[in-house]
Amino acid sequence: MSETKNEHILLVEDNPNDEELTLRALHKHNLTNSIHVVRDGAQALEYIFCKGEYADRNIAKPPKVILLDLKLPKVSGLEVLEQIKTDIRTQSIPVVVLTSSDQHPDIQKSYNLGANSYIVKPIDFEQFTESVRQIGLYWLLLNQPIG
Amino acid sequence: MSVLTLFGIQILIFAVFPFFMATLRKGLRAAGFYIIISIYLLIGGFLGSIYSLPVTETITISGGNLAYGALMATAVLFVLIEKDISVLRNVIRLVFWVNVFKVLFFTTISWALQNEAVLNPNNTAFAVFRSSVLFTILGGALIILELFLFVLIFEQLKKRISNIFVLAILYNLVFVLVLCLDGVLFPAIAFTFNPQLVAIVIGGVRGKLFMATAYSIPILIFLVVFHKRLTEFVDLPLLLKDLWSAPKEALIEEIQHKQQELEKSEKNYRTLFEESTVGIMVLNEQNIPIDVNKRACEILGYNSAELLSINAASLIHEEDLESKDHHAAMEHLRKGESTQVEYRLRKKDGDYVPVELSTKILDEGRFLNVLRDISERKRIENALRDTQAFNVKMLNTSPDVVYVYDIVDQVNIYSNVSIATVLGYSVDDIQSMGNTIVKDLMHPDDFQTYAAEVVPKYQVAADDDLIEHQYRMRHKNGEWRWLLSRESIFLRQAHGSPRQIFGLLTDITERVQATDKLAQQQEELELTIAKRTRALADQVAEREELNDALGNLLEDFQSAYVSLENTTNQLYDANAELKAFTYSVSHDLRAPLRAVDGFSQILLEDYGDQIPEAAVRYLDKISEGAQHMGQLITDLLALSRLGRQEFQKKHIEPALIVEQVLKELESEMAGHEIEIEVGKLPACLGDAPLIKQVYINLIGNAIKFTAQSKDAAIQIGWGDVGDEKAYYVKDNGVGFDMEYADKLFDVFQRLHSVEHFEGTGVGLAIVKRIIRRHGGRVWADAETDKGSVFYFTLPEENEV
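These protein sequence lines map, in sequence, to chains A and B. Once you know that position 26 of the first sequence is 26 in this note's numbering, the rest is easy, because the numbers rise by one and skip nothing. Once you know that position 433 of the second sequence is 1433 in this note's numbering, the rest is easy, because the numbers rise by one and skip nothing.
With the rest of the complex left out, here is chain B:
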């Protein structure tokens, strides 16, 4: 094994060891560090005295250097890890005292060796130990100096450099430089004492540099790895002061400090005690308060001085002293356990206040009592009790059954008294029925439905769900009652499945019966309706057929209407033309005739004596013609007027009309005897003036055509003609040939010559038109030279 390998192993041990230390628990770690540092210190000077390793020809490292280097590296790491002034202080103190020990030890040994030459014939040992003393003193001083330097420089660097890598590298440089300085200073001092040993001990500046670099590497790594621990460090002036301050003063200071802490704590607790929202009383064994807080005074209505002089047990209500809770609490206290009991305590004003009293043994003979005023809670509890009483009352007055049913145990938990009305069983009966209650009471059919459909619903129901079902249950008297339940989940088991249901049960028997009856009636009604509907459908079908027919008819009618409208329009036009024509005839056609007749007459009047007789006759004929023409116009206008004249059908008496007509026609009959016979003429409906015109024309004709007959007779009457009744005017005049009867009533038709019977041929046309307008019929019967009968019918009065 080469020297270099051995050297390497040693450095490795020195470097790794502090790392191992750093992983330890705090207390152990500190102890480890101090032991290692002590060992290094103890062996450092000694090793330096006994060997030196030539690394190369020019580099030599002494054992002392190795030990002190390791010491420095370890101490620096330790300080950096602990971040505590006391660590540095302790390290420095350790270095100091160990070195003092070493100096004494070496001095003693070297003194002994000096005197005992036997043991050391060459006296080299003496030299070694003497130099060790020197080295130890020097080394110790340098260590302390260097530690200060490290801390100082590190602080300064840390303040200025935030990058941990830069900081670590710089710090390593410092470490190496300081150790090298050591390598310069130490020989400079040591040479003056023993030049022989220098080569062994020092190993040269280059050796120092080599060693320092080797030791700095673990520190470098450490700084990078544990850089988070470097956040705060020492305050140097404080450190210096701390180093030299006397331990006694520090102790006094610490006691004072503790005292202050205690006072602060006492103050805190006192404040807590006084301001607590619960009442606190500390009692002695005789139940006399030693200490009470404000709240306790408030609760009990005493001031603290009064309260401190009262036996607390005497405040407890007599009844409460007899209670089970109280006795149990006393038992607990005797065993040294804490208790909590509710008491009524008498206040100063004599009222009792409900409190919850927690008692705990503080120490021998002292009891801590905590009082909570529970008036509010009691009030709420009472209110709750009232509410419950109200609920119970309400439930029992409800006609519906209110119940709670446990679906797991299948028993009735609660029922109000209405159950007795609905099912005939008392509440106790129901609750004693056990877990077969539903099966026993429910109708078997309904029970199947219940088990199959309702029960599964409970399992999946949410709290707000309402489950409704109808079923029958047997009344105590054996009747089946129809019931309607509305239920919801009342209580659940720990894992959430339903346990109890709350239900409201209504007796709907009457309703169901009514509904059944209604349904039956409804069915009957529906049957009837169906029957009627069918009948109606048939009718509708018929109606539709009829409608179709009507539709066709309507179409026909419409087309007829259209053509009728056209015809009507044409008729209107024609009528308007006729009116204009009539007007013109009436006004203009007569004037010329009047002129003809008038001037003919004037001619006769003024020049009659100068006109030949034949001419006079011609003038007469002119006059006659004009007058005939005038008559014709008058008759024609009368005929045309019939179409436009207003026409009113009223009750008329033909007998009266005939009487009037005969009177008017008297002048016509002058000159010949006519026997006129008027028969019975029943009243009828007609327009009096027009019917009068009919009689004028017919009687006028009869008179005219009997003018040349002997024993002329005219019969005016009413009677059976064939199978109908008709009015008639009969004469025994000239009559006419029935061959021409169809022309008789046409206008301007004449069956006799004007020579024999004057006339215009309009009279019968007028008769026909008037009768037609009355809705009657006119016809004639005649025989030439024997006479003629003119018949006409008029609507009878009752026909309207």
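If we strip away everything but chain A, and leave its shape as in the complex, we get:
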């Protein structure tokens, strides 16, 4: 993962199994050419706002889409979402909440904070693969970002 490379997807996922399944699903549909994975909320913020470990990164080159889990170590997914959506530099980055929870409050809060989509990860692997494929397809290929 080179710093200069234009990364299309940022995956924020603490569960390595889910990460692997997600990557496999994306890979299967040829969508894995540029994915960066971070494993907690703090790391995600550093990446997005080009701080700490990612201080060299150019904030002007944001990921095309962020796949964000909600239950994360250190900083929760909702907090990450809030910071992205309240900072004028990052608020236009599409954020897709990809989580196990189908709890109404989580969904409500996510949308209130400005999430672009809320996807419940299905337990059925086929369905899961399909979901990820559609996300990739839509946000990477169909959606036209600003600028």
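These are calculated hints, taken from the structure and not from any lab test. The structure displayed is predicted, hence computed values, not measured ones. Glycine is no exception: its CB is placed at the ideal position from the N, C-alpha and C atoms. Hints are not guaranteed to be accurate.
Some chain A residues well away from chain B (every beta-carbon gap over 12 Å; in silico) [unchecked claim]:
#1 I35
#2 D40
#3 C50
#4 I59
#5 Q83
#6 R89
#7 S92
#8 Q134
#9 Y138
Below, simulated DSS-like cross-link-like pairs (lysine-lysine); rule was C-alpha separation at most 25 Å, straight line [said to hold, decoys possible]:
#10 B:K1579 with A:K71
#11 B:K1692 with B:K1725
#12 A:K74 with B:K1579
#13 B:K1579 with A:K109
Please arrange chain B on chain A, whose structure you already have, making use of the hints.
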């Protein structure tokens, strides 16, 4: 009687006599003194010539000594008492002239005796008288000398010694010494003429001392007793001058002095006359002024020259000349009495000035007239008259009756005209009613009260006290009028007891009537109030009982509340735990399942061709189990969410909801024919998503359990069930055994094997919970293999 006793008596008489004199009135006293002094002088020389008393063998006192000693003592006392130069002068003159008389008398007698030897054969008488002449001349000179000495020395002593006792004692010593000097000088002179008589006359120096001491004692006593009279005495040079001054000059001087006094007096009176604040005119019989003072001119506006030429009577106002007072005054004057009359006198400017003229006859043909300008008094009197007129007017315009009543004579003295309005009688009527006015007019009951209570109050009332009483009096027309009197003492008798009262009387008939009416209304009101109060009291008692009961209830409630609060707190805790649990389940329990299913699938996808067929089946089972577990979690979360989800009861149309549900469930029904009949579903109150969930679960079940039936039919409707109306979903599926009906709605309870009908056992539990939350009831009726009916009730729309 011994010689000594006789001597003592004589001294006593001589000594006491001046004291007696001192107590007399001034004029009488002076006369007495002069007579006694004269007697002593007359007999002094003579007595000295005829006897001498041998007191002891060595002491002899002559009669002359006794007389002269008494004379000296008396004269000194006299001078001291009178405190007057003229007294001393007179005494000296008296001594001088008496002695001159004596000398002439004795000389004549001795001359006669010398020639008439018949009468005096031994010629002793001649010798006696001749020596008497000598003694008299000598004695007189000595008396005068000694008197001077006494006065002189006394003056000197008095100036220097203030203590009266010391003064008195010293003065006595002087008196004794002077008399003793006399006792030395006198013999010294007398011896040269007739040595034979010396023994008789003188009695020796010691006799003199004895006598002087005896006479000095009364003087001593006198000085102490009458010392207050000794404040001032004579001026010696003046005394000497006075002694020799000619009486004629003194008379001229006195006349001049009187003249001056007169002039002074005249001046005083003139000043008094001129400066007097009253006008004074002295008139002659023709009423022409002889003298006028400044004030009289001022009052009348003339100068004195003008006034002196005017007939005073012509100044009097014509009308006043006709007045009774004037005529009476003239009558008095004719009788010689003084008069005082008020006149109007014409001033120079023609105006009249009111004066009070007092006239007195001074002497024949002169009248003293005193004028007082009484303009100011007249002005005040007029003002007073105006004020009185004002008062009368005011009193007569007052609606209240103003009156003065004499409580002694019991008659009305004054009343204003309002009495006519109040009682119908004129003022004259009232005043002619005499002393029965109160008794006649006042109501008999009130009169008793008046006599018993009000009248005594007058007797003890102070001037400022106000006595108020209410009573009735009969109007002339016979009506009783209620009156209120406010009275105070107006006039008292000489000894202070009240005589007249001043009163203000108000007609309060209307007020009293109004008050009576009010009192009646008040009484009625009070009765009503009392009645109401009793009713209210009953109510209050009931209320109190109720309150007590309520209080008990409240206590119970409070204790219940406390336990409820505890329970609530526990529930809150439990709820919080459940939330955390649910969250965890939602997020964490699914990930492993996804891993299980996901990696099982990956295994199959990537290595399917290398895995034996049996293993593939096992992998499928793993995947299936994971998915079932996932479904279970989803259902459980849905169930738990029901407890927390927001819940809104609104108007809903179950028919529309059912239509939607059937559409969604179409895929489930794919594969077999089911006859679905939807009946009438009335609108009701409920939460649309939750009711939809109910229908999803119930219709879903119906579809599921009719899957293996031929001619499957589902009826969805609403209607009478027993005595109530309920919604229902009926199928002709497998049904169930009613024995287990009570477990039907419990969570995870399944009456059919998973093998035949898949499911998690949560669906009906969700239905039950939703209906319960709506306040409805859910139950089922079924028969194995015949089908089942699920009923539920929802609140009707109008129930809210």
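How the hints compare with the structure:
{"no.": "1", "hint": "I35", "result": "holds, 18 Å"}
{"no.": "2", "hint": "D40", "result": "holds, 15 Å"}
{"no.": "3", "hint": "C50", "result": "holds, 29 Å"}
{"no.": "4", "hint": "I59", "result": "holds, 30 Å"}
{"no.": "5", "hint": "Q83", "result": "holds, 21 Å"}
{"no.": "6", "hint": "R89", "result": "holds, 30 Å"}
{"no.": "7", "hint": "S92", "result": "holds, 28 Å"}
{"no.": "8", "hint": "Q134", "result": "holds, 17 Å"}
{"no.": "9", "hint": "Y138", "result": "holds, 21 Å"}
{"no.": "10", "hint": "B:K1579 with A:K71", "result": "holds, 15 Å"}
{"no.": "11", "hint": "B:K1692 with B:K1725", "result": "holds, 19 Å"}
{"no.": "12", "hint": "A:K74 with B:K1579", "result": "holds, 21 Å"}
{"no.": "13", "hint": "B:K1579 with A:K109", "result": "holds, 16 Å"}
Violated hints: none; the structure is consistent with every hint.
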